[in-house]
Amino acid sequence: MVVANPILYVALPLLVAFLLPLFGKIHKELIRVVPGLLFMFLIFNTVVLFSEVTSTGKPIITQIAGWAPPIGINLVFSAFSGFIAGIISIMGLLVWVYSYKFKKVEFDNSLKYFVLIMLVTAGSIGVVLTGDIFNLFVFLEIVALSSYPLVAFYRGRDGAEASFKYLIVGAFASIAILLGIVLIYSQLGTLNMAEISLRIGEMPEKIKITAFILLFLGFGIEAEMFPLNGWAPDAYSQAPGPVGAVFASMTAKAGIYTIIRLVFTLFDIDAGYQLLLGMGIITLVVSEGIALRQEKLKRMLAFSSLGQMGLLMIAFGINTKAAVVAGMFILFNHAVIKSLLFFSGSYLVYNSENKNIKDLFGFGKKLPLTAFLFGLGAFAIVGLPPLSGFWAKLSLLMASADSNLIALIALILIVSVVEIVYYFRVVNGLYFKKYTGEFEPHKPSWNASLVMLILAAVIVTVGLYPDLIYNYFVNAADALMDKANYIQNVLPSNFVGLN
Amino acid sequence: MSNLVIILAIFGWAILTYLAFKINKTLGNVFVGVLALALPAYFFTYTPSDYTVSVMGMSLQFGFTSFASLFAMLVVVLSSFALLYSIPYMNKKDRLGWFYMNFMFSVGGMMGILMSKDLVSLFIFWEIMTWSSYLIVIYQGKKVNKVGLKYMIFSAIGAYAMLMAIVLINKWSGNVNIEQFFASFPNYSSAAKLLSSLLLLTGFGVKSALMPLHVWAPGAYTKSPMSYTAVFSGALSKMGIYGMALVAVNLYVHSNMPIMGEVIAWAGAITAVLATFWAIFQNDIRKLLAYSSIGQLGYIAVGLGIGTELSVFAGLYLAILHGLFKGVLWMVVGAIEHRTGKTDFRDISGLIKKMPFTFFVALVAIIALAGMPPLSGFVGKWMLYESMITSNHFIMVLFIFLSSTAAFLYCFHFLYGLFLGQQEDEFLKDVKEVPVLMMIPMGLISLSLIAFGTFPGLIFKPIAQAMSTLGFENVTWRMSSLTNAWGNSMFLKPANFMFMAVFVFFLIIITVVNHKKTKKVGTKDIANGGEPIRDEDNLHYSVDIYRPFYRVISPIMKYKVETFYKRISKGIEEFFQFFRRIYSGNGQTYALYVVIFLTALLILSSTIF
Amino acid sequence: MDIGRFLLTSITTTALAFVVGMFYAGFRRKITARVQNRVGPPVYQNFIDVVKLWSKKSNITHGVMQHLAPLWQIATSITTLMFIPILVDSTFFVNLTFKGDLIFLLYLMVVGSLGMALGAGEGGNPNSAIGVTRGLTQMIGFEIPWVMALVALMIQHQTTTIVGLMDVQQASGTWLMFSSPFAFLAALLAMPGMFRYSPFDIVGAPAELASGPISEFGGKYLGTLMTNGSIFAFVKLVLYVDIFMGGATNLVLLVVKTFVLYMFPVLWGLVSPRFRTEQSVRFFWGWPLFFGLLGILQAAFL
Amino acid sequence: MVNDKESRKIVDIIQDFARKSSLFVLAYGTGCGAIEIPPTMTSRYDAERFGIRGAATPRQADVLLITGYLATKSLKRVIRAYEQMQNPKYIIGFGSCTINGGMYWDSYNTINRLDMYMPVDVYINGCMPRPEAVIAGFAKLQKLIQAGKADGWERYQNNLEFYRKNQKKIIHNWVMPDYNW
Amino acid sequence: MEQELLDLLVEHFQDRIAGSVKSDKRVEIFTSTSAIEDVLMYAKNVLGYIHLVHFSCVDWIEENEFELMYAIFSPKSKITIMSKVRVDRENPVAPNIDYIWRHANTFEREIREMFGIEFTGLIAEKEMILEDWIEMPPMRRDFDTAEYAKKTFFDRPGREDAQDVRETIIKRTGEELPEFSKKYSR
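Protein chains in written order, with our numbering: chain A, 37 to 535; chain B, 178 to 786; chain C, 10 to 311; chain D, 1459 to 1639; chain E, 2 to 187.
Errors might be hidden in some of the hints.
Derived BS3-like pairs (lysine-lysine); straight-line CA-CA distance at most 25 Å [said to hold, decoys possible]: (1) Lys-1627/D - Lys-85/E; (2) Lys-470/A - Lys-519/B; (3) Lys-1607/D - Lys-701/B; (4) Lys-323/B - Lys-701/B; (5) Lys-66/C - Lys-1627/D; (6) Lys-697/B - Lys-66/C; (7) Lys-202/B - Lys-401/A; (8) Lys-152/E - Lys-1623/D; (9) Lys-469/A - Lys-519/B; (10) Lys-394/A - Lys-701/B; (11) Lys-701/B - Lys-469/A; (12) Lys-332/A - Lys-327/B; (13) Lys-242/A - Lys-519/A.
In case anyone wonders, no lab produced these hints; they're calculated from the structure.
Bear in mind the structure is a predicted one, so any value in this text is a computation, not a measurement.
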């Protein structure tokens, strides 16, 4: 098909983002309508490309400006990256529908808001699709730069502070990534990931490791790895409700994608997997433990989100096919369920000043649908069957069992109990604590309800019939694990054969 | 029709019922009634067939073993009765659709557990059962916050232990099929044997409320509506027993690990004694029954743990029976709560005057519970004792005997405190006998208890068939006093007839002699030193009535498992409170972390990579 | 067994139990009187009491359960009696014994108490309920050493029937009270509790509790209860004799053995004050329990 | 009905013999005379050899002993206890206070003549009557029973209005349940 | 010592009390209904008279007054103070002191029933000793108990009542009474 092209993922949102003020001049409503159309188109794009990838079994590789890799910049739409790109674009559409009418996302601000959202989307998808490490850096910077204002969107003191923290840490990330890229480029003279991957053995050991560490640090910050994730809880909790979902489903995905690429494709350091696994475990335990002690809903969700990132790192760190499949499943789940939790949670604490958990006590009767959906999300994320979270957890556990990581299984399950404790504290509070009467519940608008219902439907459907989507995970895992295939596809000419 | 379809039909029906209640209460009740009647009708007429679903590369198999269908029988009977009972019982409450939906979900979950031939689908249905029962526990919404959370946490601990076992078994056995797991179990390394079976036991032990894991049970049984608790305590807890029987018998008996069997049996014995002691000192009916349930499940665990043919037989028999009589007792409590709105011994007395039918069914159930000879409960106790004595568990005999003797205390408390004693006119004024729809389930189950007492063969045959799944072929009771012709040459029939004959003989005499001058007087007319009792005086003695016994055993009763768990949870929270300080909220600190992390990685790089 | 023969046997046994039990109760009163330096009532006094109670011209009951309670008790006692071998290898007194399962009897013996407890409870008299709770609490006390003794015998001889134990004694020629002395001691010390004689008579203490559970029973109901009491006392004595004293080969021997055994709780009771409930439970869980444990150890390891 | 000597059957005679030989005394000490009961019952005088023994509750008792003065306050309880006893039942008035008020003849709170309130079968004179006298009283009662003449309970039943009137003269606040056998 | 105590009391309460030393270890004071609470509180809390030995009432019908007598005792000095209060017989009202000594409640209830004296603020059930009493409080001296008994209870005919036992004995035996017993004769 002519219309569908990976490049559109990046080009269109950027274009629309810059043109959006002009649309606004034509008609004010267009500011809010156009992004939606864009996201719809992106989804259409994904569907077309994905069907192509599935039918041919090969990734689609687009070269920008006609230069072939390794010289030119290229976008690789494989089963793996395409899947993540698909998730991001679908989530983008849902975020758009949800924020169509959200607090303070009214006419004046909507322009800024949607421009930023589109930039984040473009950047995230760019990160996922790009085959060029410097481009990856650029896209990551786009994501970061558009995230800073989103965090501070409400112009409050706390928001500004959170944004500033993000900025500081993000600056470290940029520096570290840039340094890593410079090291690689200085040694190998190329920025193409396939090329780097092919020739990584040529690098001196010391420099290779230094570059790895620098990149790991930089990407780790974006992937919210402990202890580099200090910015995340503040950013999640200070940003507007839907932006939390954006972070969980887009930014974090981009971050984890970079780490996966780093460990799986770019370098051949085996200890990298173990490092990822170890960092994942620490992140998981610390974040879930801290979430247990949170009094504010959004912070709790943020820490829970960090914990999920830890789980993802564990899944990919185990480095077996089953584990990667489980990782893909968790990634999908995290995007869907955490978005649902953020969406419903932000309506539950809509009017509350401090977003405290005790402010939403008794909302189960006031906002039955929202509370129910939040409960469903909580049920799903702690892995109760027949919701989708269960299958992800089960596959991860089975994968770790296959790798003989019995202690890890126990750890994950213990952490899951902790997760149950704090999620059910909220759910119980929703239904069985007395309504304080301090805060008026705010009914979600129809579009928000629609989004939440769609997400809930996805959770339930996938939970009831995981095979619906399971094959995509398997394909994605195949695509990720098969490094040689990746290199061969990107660099057909230079392929010399790697085992 | 395949098995899976039934379960899906139940789930679908649950949602339909929810919608029906949205439209109209009567329509919803019709839906409930239809399921209650259709479930047993369908279950007892169809022929099971196996069915396989493939999910995520695992093949999930469904089908009935004869062992599972024994429990399924209990589940079907009890839940259809409980559903019928619910219709009048829940009539005045709101959010009925929600209640019935979850009720049916948990019934479906239980059926699913029994139909699963592999561990993953068992786990799935297990969790469905768990959360649907959790939703019912918190459904009434009064002071349930902690209870619900406790239930959920303990269920989660159990479920996750089970999940861990499942993934390990998947690794060690190559798949999750239950039969193949048992087949390959002897090949496991000893650590693997121990780990997998302990984890499974923890999982099943939580639901069957074995002693260190019972903490959730009193609250959860108490807080859910009584019509559901009948199923909860009667059938749902038997799912734990079901699993435990599978594990204990298949693994320990046939894999030569008697020590684990001993662990289960002792856990059961201690549970039986301590829970019974706790039940004695309760002043709330529901709490009393909850602890009694825990204690009764202890007997069953003893039977399964000892693992001889007879003891397993006794365990299964008691399991089925406990489902029946505890079902009745919870329904009785529900009836009382329905008619009086009270559940505390302080507020209730003399109900026999207004609710004689309820008293009668309670009496039958209590006799069965206490294990007294005319009724069926005794047979189970008898088998249990004989099996314990023949397998040389003589200290355990004392534990069980202590527990079952102590059980008389709360049995009497239950009957006396509620139905007998002083009849307060003020209290009894508005009390009526329960509606017919509530009478039918209670009456039928009580009848079955009487029937099983005289003709235990009725229930022995299915159990003997079920035992073949567990590896006991051609089960017969080869004990001293009995032959193996089920129910035909046992003591009980002559005993019952003898008892009835003497009883009737004396009944005639005592009723006829001086009949005209035998007067019935009210309970206010009692011999208490000649002092006439005024209407406002309440001499009903039913609160803290076992104080002397408490003084005797107070050294044991001082220690509570709850305290232990509280300390643990507090410790964990404080531990993470420490971690929380890492997120100081200061950007500089975060930057410092980044630098430290980088430095550390660089320094350690030579060792790591 | 044809029905006529069965009826004859069971009626004879019941009558025997009734008469012997009544006379024993009379002897108890007589002995008590002699010990207290009194003349005492005639030994047939209890018959007169029962006749008098049955010839009362009015009776009251508080409801169905109270009406049924004495029947329940007496039906249980007679049923129990039917399952106990009265004589060794008797062709006449066979009743329903089969082999006389001990566990079955243990349970059967408490059924009557429950019926009585319910009947007493329906009377609405708080004294009755207090008495019942005390009785049940005491029951926990004495059942434990008693069961320990039985368990010791059962595991030693690998049988759960009375006939089995009697056969053991016939075969070895030694009574079990000599070959298993600790078990016998435990059972013996539990005996006064079972009879509810002093010092374990807090259940029906006349002064404190107005005779406890039976305080609302009068007339024919009390008469039935007294009849039951004598039958049940005989049942318990025969059970002890069968288990520990090798049974009896003829009626005279049976009466002698049971009478000697009966003297133990009676004479102990005469010289004892009254224990409080918790004191009696503590007593039973003291030395009797210790003897029971010794008995089990002996059975298991010797 | 049992008064008539001719109509008495053998059953009645046996029953009366049983009643006579087994007298359960309600062990309520209503007045100071109760102190004479312990010596009567214990080893010195041993009333049990005549079949006389204590009963703890009115339901089981045959004989109600009014041991001495009867305060108006106790009268209520005594009546209640008497009405709770099962027929046939007997009352023994014990000491001169029950006969004519004794030394409390002018007290505002003790009754003077017991037989105006309750049907007394046998009076035992004395202040206090010694155990010998008590046993003699019992013997007299036994004789009456054997002869079928101890019919106080019938008198009470037949003349209930008379007794009630007298009782209510003292007990103004009549809260007792109705006569119920 | 007794005098010191009396002086102390008089000094403290000035003219509200008057009193005298009756004998060894015994002090009598007279006070009024308005002052009695203060006196008792003072005696209990300051002087250490912590024990209310007795509390009774005397009917001075000739003076148309009731006299309430509170006997309080100190275990240290071993002195009993008898504080006496007169209340009007027509309208007998006295202060309630059961907050000072809990057991005074029982005395007060008895006095209320037997003499008909009201204690302000006494919270207790009406009936303690006399049940169903509808007549004049019986311990008042104008209540004729013999007449009441004659009216209420039934005299047995033939009983010779209201006789001096000693005279009967003299009549019956002809003995002379000893001298000491004569002074008690009616």
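Now the hints, each set against the structure:
no. : hint                   : in the structure
1   : Lys-1627/D - Lys-85/E  : violated (39 Å)
2   : Lys-470/A - Lys-519/B  : holds (23 Å)
3   : Lys-1607/D - Lys-701/B : violated (33 Å)
4   : Lys-323/B - Lys-701/B  : violated (42 Å)
5   : Lys-66/C - Lys-1627/D  : violated (30 Å)
6   : Lys-697/B - Lys-66/C   : holds (15 Å)
7   : Lys-202/B - Lys-401/A  : holds (20 Å)
8   : Lys-152/E - Lys-1623/D : holds (15 Å)
9   : Lys-469/A - Lys-519/B  : holds (23 Å)
10  : Lys-394/A - Lys-701/B  : violated (52 Å)
11  : Lys-701/B - Lys-469/A  : violated (44 Å)
12  : Lys-332/A - Lys-327/B  : holds (22 Å)
13  : Lys-242/A - Lys-519/A  : holds (23 Å)
In this structure, the hints that do not hold are numbers 1, 3, 4, 5, 10 and 11, in rising order.
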